[in-house]
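*Asks:* Following the hints, complete the assembly by docking chain B onto the known chain A.
One letter stands for each residue in the lines below.
Number of protein chains: 2
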Amino acid sequence: MTRPSSVPPPVTAVLDASSRWLPARLGEVEELLREAISGHGDTLGEDAAATLQAGGKRLRPMLVLLCAGPEGGAEVVRAAAAIELVHMATLVHDDVLDDAPLRRGLPTVAATSGRERAVATGDLLFSRAFDLLADAGDARSVALLADASVALARGELAQRRDAFDPGVSAERYFERCRLKTARLFECACLLGRDQAGLREFGAGIGLAFQLLDDVLDVSGPPERTGKARGTDLLDGTITLPMIEAAGSDPSIREVDLHALDSSSAEALCDRIEATGALERVRAQALLLVGEAKQALERASFGSEQRQLLSLVADGVVQRYS
Amino acid sequence: MTRPSSVPPPVTAVLDASSRWLPARLGEVEELLREAISGHGDTLGEDAAATLQAGGKRLRPMLVLLCAGPEGGAEVVRAAAAIELVHMATLVHDDVLDDAPLRRGLPTVAATSGRERAVATGDLLFSRAFDLLADAGDARSVALLADASVALARGELAQRRDAFDPGVSAERYFERCRLKTARLFECACLLGRDQAGLREFGAGIGLAFQLLDDVLDVSGPPERTGKARGTDLLDGTITLPMIEAAGSDPSIREVDLHALDSSSAEALCDRIEATGALERVRAQALLLVGEAKQALERASFGSEQRQLLSLVADGVVQRYS
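From first to last, the protein sequence lines stand for chains A and B. Quick note on numbering that gives the first Met the number 0: the first sequence kicks off at 0 and runs consecutively. Quick note on numbering that gives the first Met the number 0: the second sequence kicks off at 0 and runs consecutively.
Hints are supplied without guarantee of correctness; some may be wrong.
Label pairs and their calculated CB-CB ranges [claimed, not checked]:
1. Gly136(B) <-> Gln317(A): 33 to 43 Å
2. Asp134(A) <-> Gly68(B): 34 to 44 Å
3. Asp134(B) <-> Ala258(A): 39 to 49 Å
4. Ser37(A) <-> Gly166(B): 40 to 50 Å
5. Arg297(A) <-> Glu34(B): 26 to 36 Å
6. Glu222(B) <-> Glu30(A): 50 to 60 Å
7. Pro22(B) <-> Asp134(A): 29 to 39 Å
8. Ala258(A) <-> Phe173(B): 32 to 42 Å
The following residues of chain A were derived to be distant from chain B, with all beta-carbon distances above 12 Å [what the hints assert, rightly or not]:
9. Arg116
10. Asp122
11. Phe125
12. Glu222
13. Val254
14. Gly289
15. Phe300
16. Leu310
17. Gln317
Chain B side only, calculated, beta carbon under 7 Å to chain A, not exhaustive [claimed, not checked]:
18. Leu90
19. His92
20. Ala119
21. Phe129
22. Asp130
23. Ala133
24. Gly136
25. Ala138
26. Asp146
27. Ala152
28. Glu155
29. Ala195
Hints were generated in silico from the structure; no laboratory data involved. Owing to the predicted nature of the structure, the values given are computational and were not obtained by experimental measurement. Just so it is clear, CB atoms sit at the ideal spot from N, CA and C, and this is done for glycine as well.
Chain A on its own, in the form it takes in the complex (with noise of 0.2 Å):
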């Protein structure tokens, strides 16, 4: 397998850790997602080819193919290039949602192609997903990922009605994680195997994985996370970290979110920082990791599959210290 030039250091680490059988692994997974995504005869697909080639870390497939461990087979490679499918037809709906004309420091399908097209390759993308796990007849792997995709939705949904308003809980906010990002996550670790302490492994760090994107959102640098610093704020979007700021100084609170510019919004993300949020809301990702390794004592498995589990978890942390 030809390594992306993108992979950043933690996934390097668990390629590494596992070379007897991982890396063949996810090169199969990419040829799969070549061809769900082409093969359309023209090239309808060319907005999804540039999603699938603006890369990223194929956290979801490594998941299902670590859980799954070095004996499973193709169903287990069709379950990983899936759940990539319905991951990257949301990252372009999303790019719908909130008008971004950047996605890891590259121009949006949006962006380039308009609305109306980023809409329809995000159904080909989630459509495809379905389709190349029924036509395999997998019927528990369609189960899973509907059911996942279901919460999906409710969570954009939820976030979209939550929008501007300055009471959002840090409860509805967890709430929201859960749906929109742990519950996907939590989803990769079972498509791979249904085993105990995996559903609470892939939940916990997906949790964390959103909590950490919600200070990078606030912290940037721009150079690292390829879009501009507050971007949530103005997209009306409250996440924890404005919420524990807010704890600490409640005039946070009364920002009119509605009538901020790129550079208010910076200085509102100085003020949050000011208040040591982000450091707060770092060690609570920390913790659910933690806790998420120790769920993974509870999956009968080999030592070296739960070694690399836990690196990945390492890696969701690592990518954001």
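*Replies:* Relative to the frame of chain A, chain B by itself:
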């Protein structure tokens, strides 16, 4: 079952002719649709519920039920609800794409709740469709519906790609309609029963349905269609009436669709109508319906079922006569 007040006459004809079993079965479909859309604990599904309440002809569920026949069980009712959920998802997303203010004479989700929520609402409806089938372990239906969904998204992308291109051929138009509309009608029939002739029947009436829909966009009247004349033209969508009209009056091809406003769009509709193109497209649709009914003869089921399906085929035409 309480019959929705908006049920159009041809559908009523089918219901009356099949009072023995069809209305009760359709009632079960409505019940499943309600369950699939609500039951999210809070008002998350309110946009989706509005889409449900806006009604519609439930043509696709009716095809599923009729093809399955009176002996069809719970799995047929589920498949009927699932295909309607996918159809509703595409309507919600289409309205985002088209920026449409009205659908069936009522405000669209995109218009009342914003594009953002409309994209997520469509995703929710879509996920629910697969969730419904997958939970019941109905792998065959999942495969059929996933396949049709891929076609739908490809058709939508093709339409976006062809937008504002005056050189679009009739062949290209038909290919688009097959993907965007006919495949889902075909899928409805196959969800009901895997039998010779049903694929052609579904595809034929689906194609006719789209042709007549495109005639209606030009002919109006808005009081009946619930949207302004020339909505497709304003959106840059070149359909068979315009392609046919340009065959008689090549100057029609030179109209700059980018420069249209609602009154010049109406004037263009008048010019298209004046060429006799609408009659020619209607005649093609009638031919397709006739062929579809012939394909029914190859299916081996009771005369009542064949008669009811013929009524549906006639209904596709009558709605527009």
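*Asks:* State for each hint whether it applies.
*Replies:* Hint by hint, here is what the structure shows:
| no. | hint | verdict |
| --- | --- | --- |
| 1 | Gly136(B) <-> Gln317(A): 33 to 43 Å | holds (40 Å) |
| 2 | Asp134(A) <-> Gly68(B): 34 to 44 Å | violated (27 Å) |
| 3 | Asp134(B) <-> Ala258(A): 39 to 49 Å | holds (45 Å) |
| 4 | Ser37(A) <-> Gly166(B): 40 to 50 Å | violated (25 Å) |
| 5 | Arg297(A) <-> Glu34(B): 26 to 36 Å | holds (35 Å) |
| 6 | Glu222(B) <-> Glu30(A): 50 to 60 Å | holds (54 Å) |
| 7 | Pro22(B) <-> Asp134(A): 29 to 39 Å | holds (35 Å) |
| 8 | Ala258(A) <-> Phe173(B): 32 to 42 Å | violated (51 Å) |
| 9 | Arg116 | violated (5 Å) |
| 10 | Asp122 | violated (4 Å) |
| 11 | Phe125 | violated (7 Å) |
| 12 | Glu222 | holds (28 Å) |
| 13 | Val254 | holds (21 Å) |
| 14 | Gly289 | holds (30 Å) |
| 15 | Phe300 | holds (26 Å) |
| 16 | Leu310 | holds (31 Å) |
| 17 | Gln317 | holds (31 Å) |
| 18 | Leu90 | violated (12 Å) |
| 19 | His92 | holds (5 Å) |
| 20 | Ala119 | holds (4 Å) |
| 21 | Phe129 | holds (4 Å) |
| 22 | Asp130 | holds (4 Å) |
| 23 | Ala133 | holds (4 Å) |
| 24 | Gly136 | holds (5 Å) |
| 25 | Ala138 | holds (5 Å) |
| 26 | Asp146 | holds (6 Å) |
| 27 | Ala152 | holds (4 Å) |
| 28 | Glu155 | holds (4 Å) |
| 29 | Ala195 | violated (23 Å) |
When the structure is compared with the earlier hints, violations turn up for hints 2, 4, 8, 9, 10, 11, 18, 29 and for no others.
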